[in-house]
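Trainee: Here are the chains, one letter per residue:
Protein chains: 2
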Amino acid sequence: MNAEIIAVGSELLTPLRQDTNSLYLTEKLNELGVEVRFKSIVGDEREGLVAAAKLAMRRSDIIIFSGGLGPTEDDLTREAVAEALGLKLNRDPQLLAKLEERFAKRGMKMSANNLKQADILASAAVLPNTLGTAPGQWISGKYDGQERILLLLPGPPYELKTMFDAECISRLRAKIPPQHIARRILKIALMPESQVDARVSPLYKAYTDVETTILAGAGEIQLHFRCRKPSQSEAEARVEELAGKIEDELGDAIFSRKGETIEQIVSYLLQMRGMTLAVAESCTGGLLAERITSLSGSSRYFLGGAVVYSNELKTQFANVPKTLIDKHGAVSREVAAAMAEGIRKRCLSSYGVGITGVAGPTGGTDQKPVGLVYIALAGDEGTQVVERNFPGDRKRIRTFATQQALEMIRRALL
Amino acid sequence: MNAEIIAVGSELLTPLRQDTNSLYLTEKLNELGVEVRFKSIVGDEREGLVAAAKLAMRRSDIIIFSGGLGPTEDDLTREAVAEALGLKLNRDPQLLAKLEERFAKRGMKMSANNLKQADILASAAVLPNTLGTAPGQWISGKYDGQERILLLLPGPPYELKTMFDAECISRLRAKIPPQHIARRILKIALMPESQVDARVSPLYKAYTDVETTILAGAGEIQLHFRCRKPSQSEAEARVEELAGKIEDELGDAIFSRKGETIEQIVSYLLQMRGMTLAVAESCTGGLLAERITSLSGSSRYFLGGAVVYSNELKTQFANVPKTLIDKHGAVSREVAAAMAEGIRKRCLSSYGVGITGVAGPTGGTDQKPVGLVYIALAGDEGTQVVERNFPGDRKRIRTFATQQALEMIRRALL
Chain A
202 MNAEIIAVGS ELLTPLRQDT NSLYLTEKLN ELGVEVRFKS IVGDEREGLV AAAKLAMRRS
262 DIIIFSGGLG PTEDDLTREA VAEALGLKLN RDPQLLAKLE ERFAKRGMKM SANNLKQADI
322 LASAAVLPNT LGTAPGQWIS GKYDGQERIL LLLPGPPYEL KTMFDAECIS RLRAKIPPQH
382 IARRILKIAL MPESQVDARV SPLYKAYTDV ETTILAGAGE IQLHFRCRKP SQSEAEARVE
442 ELAGKIEDEL GDAIFSRKGE TIEQIVSYLL QMRGMTLAVA ESCTGGLLAE RITSLSGSSR
502 YFLGGAVVYS NELKTQFANV PKTLIDKHGA VSREVAAAMA EGIRKRCLSS YGVGITGVAG
562 PTGGTDQKPV GLVYIALAGD EGTQVVERNF PGDRKRIRTF ATQQALEMIR RALL
Chain B
202 MNAEIIAVGS ELLTPLRQDT NSLYLTEKLN ELGVEVRFKS IVGDEREGLV AAAKLAMRRS
262 DIIIFSGGLG PTEDDLTREA VAEALGLKLN RDPQLLAKLE ERFAKRGMKM SANNLKQADI
322 LASAAVLPNT LGTAPGQWIS GKYDGQERIL LLLPGPPYEL KTMFDAECIS RLRAKIPPQH
382 IARRILKIAL MPESQVDARV SPLYKAYTDV ETTILAGAGE IQLHFRCRKP SQSEAEARVE
442 ELAGKIEDEL GDAIFSRKGE TIEQIVSYLL QMRGMTLAVA ESCTGGLLAE RITSLSGSSR
502 YFLGGAVVYS NELKTQFANV PKTLIDKHGA VSREVAAAMA EGIRKRCLSS YGVGITGVAG
562 PTGGTDQKPV GLVYIALAGD EGTQVVERNF PGDRKRIRTF ATQQALEMIR RALL
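Chains as they are written, first to last, in the numbering used here: chain A, 202 to 615; chain B, 202 to 615.
Pulled out of the complex, with its shape left as it was, chain A reads as follows (with noise of 0.2 Å):
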């Protein structure tokens, strides 16, 4: 089966935004085997939308619209499916009594343009939306002698993410033939792209039969594959075979085996050994912070850490001796161990990390650029430091500096 994803919304045809909604969707109707065949994005524009509607309908089995389910004058995707098939829309007193009560619990009233977020397609199930006021609509039979089926979601990548999880792959998994997909991720740390193909290209280009994908981000390399055969057990055999072969050649420079965030790992691997992690940031300003408590559950092991920007604080939290910083200066090799074992001494935690460096695009020297930073880690074994130059803007330095915390944590964890 094939799909089409339309992203609705004059913004994504602006310089400033772009439909991500459909990488997610991509990824979980590939998971149920279903190809993505077209895509595309048009403005809150009715016309334009009709088109879209009536095309979509002729060329593709699945149909899924994204946005423009919201509450302005702007939000035009229910009318215009409902002109393209020619169905109706009634107003739906369940949905309007729900949305009436979830504006109450809030203390606010209900404005009239809310009313249209209850029009539902004639013949179409309501999805739930928990997270917001813009139900989801399916509708699946035949349209001009052809199956299909017609999704509406809404626009707020967390409302699509949850409804489509929670409503649609169900529904899907019904009405699509079983596939047999197997999918594999590995994941490696802080190793140039062109070094890791050179050392893996050998390897998956002798299975014409596994789709191998290399991605790069800052500090990370990805490596995807994927294999569809008449049966799970087969499709798996290859991917295994062929991902085998890579972990053998790539050994521990490989952090994900199972597409895990390095975040995910270190939180492992901290749990496993009862061990415990304060961070004491300056140029990454809380970033590791912030990432390592992105997961739920973190403050088993995360204690917590100081941001500390200003010299004063450096000495006030993290025990760094004046004397250093003025010897040494604030971005050197002995200021980021004394921060690392500094905050490791106050937080009384397994492992303190510290940072510290130059993110830009002011702030550089000829002695000290844009992209020096220094990360140390400081445990029981010791404080080691790594001087690193991160190219890239001050968004990229800092996410390469926190990656490279979370390696040397996850290799000293190891």
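Careful: at least some of the hints might be erroneous.
When chains are identical, the list treats them as one kind, so a pair holds in a single copy or across two.
Stated by the list, open to error - Keeping only pairs whose Cα atoms sit at most 20 Å apart, straight-line, the calculated SDA-like set for lysine to any residue is:
#1 Lys289 / Ala326
#2 Lys362 / Gln219
#3 Lys569 / Ser500
#4 Lys406 / Glu274
#5 Lys306 / Glu394
#6 Lys310 / Leu391
#7 Lys317 / Arg400
#8 Lys569 / His529
#9 Lys546 / Gln517
#10 Lys596 / Ser495
#11 Lys546 / Glu513
#12 Lys362 / Tyr225
Hints listed in this document are in silico derivations from the structure and should not be mistaken for laboratory results.
Dock chain B against the given chain A, drawing on the hints supplied.
Mentor: Only chain B this time, still in chain A's reference frame:
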């Protein structure tokens, strides 16, 4: 004039890759006064490409294809456009000679596949590619009685950008009547989209010549205005008039008048008043510090802060009395206030922020459900605390909480 961008390539229909060329092209087209009305992504298959080309020629003045000009079997853009427009493809002997020379220079033999890269649509002008083997093509003329411009550009972003800048912009400028576009962006924090829309839609609806777009994020609404007129001053006058009315209506709920981020506004206000900031974060885990320090130069007003995940650290770094935590719990109005006051005292900053709450998805109780967050701001004028129940997942709750803190700082500084 309206444009349509068609990105070609099956890899752009996977979960792993995204078309980014269209963002660049949109920016450049907007500068020329051209609106992008549709974008679509089509795989490497002839039938889909022919249909996309035909549809685009019917509805858009300027049609830009990116990708599908390479030498492989999969590269079908030339052939599909020739079929859709009923044009012949002619092999260009000059291009062929250049291609051969390019390969010879590198000591390589040209493969038979590459021949088709010299195929040019009848009536097309060749756009030289200084960085790769695929030349671009430019066609302009009547199609079904309508004036149309059709561009074929290579897919690799650096080739496309170089070619578009060098070969296409001046050609387009010669064809497009001079355009005058004015734009404005207003941003509002922590007001529901429907409430903003109810207040401003009577205003913007009276300006049918100004295109208004409402974007909603976690705790932020953006109003984008765009107007096209025969002269720049007319366009600006209309946008300014409408924006002025909306500014009158929403007053200081608007935090940004020129598209600045709330971090930038807070940065500007703190510097203008010579004030400094420190933060103590629990459930946001460093996100507030990270947002504030994402700006270069933030060390001028941001002293630092503490990520106090554990109760011990709330006491140690933010001076929160242990008895207060025992009495009210870590997630409470009183602890948030004590965190803000304590971090302010410890850092000797003008303002201190304290955030404590339940970001979820685990850790919620009946009394203290997921989404409950207390945000406190302490300053010379005393301490204020707000209690909020934010909707959404962990990421969204954390974003909302930091947005609320930034908005409180902004209002205190007004």
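Trainee: Sort out which numbered hints this structure fails and list those numbers smallest first.
Mentor: The structure breaks none of the hints.
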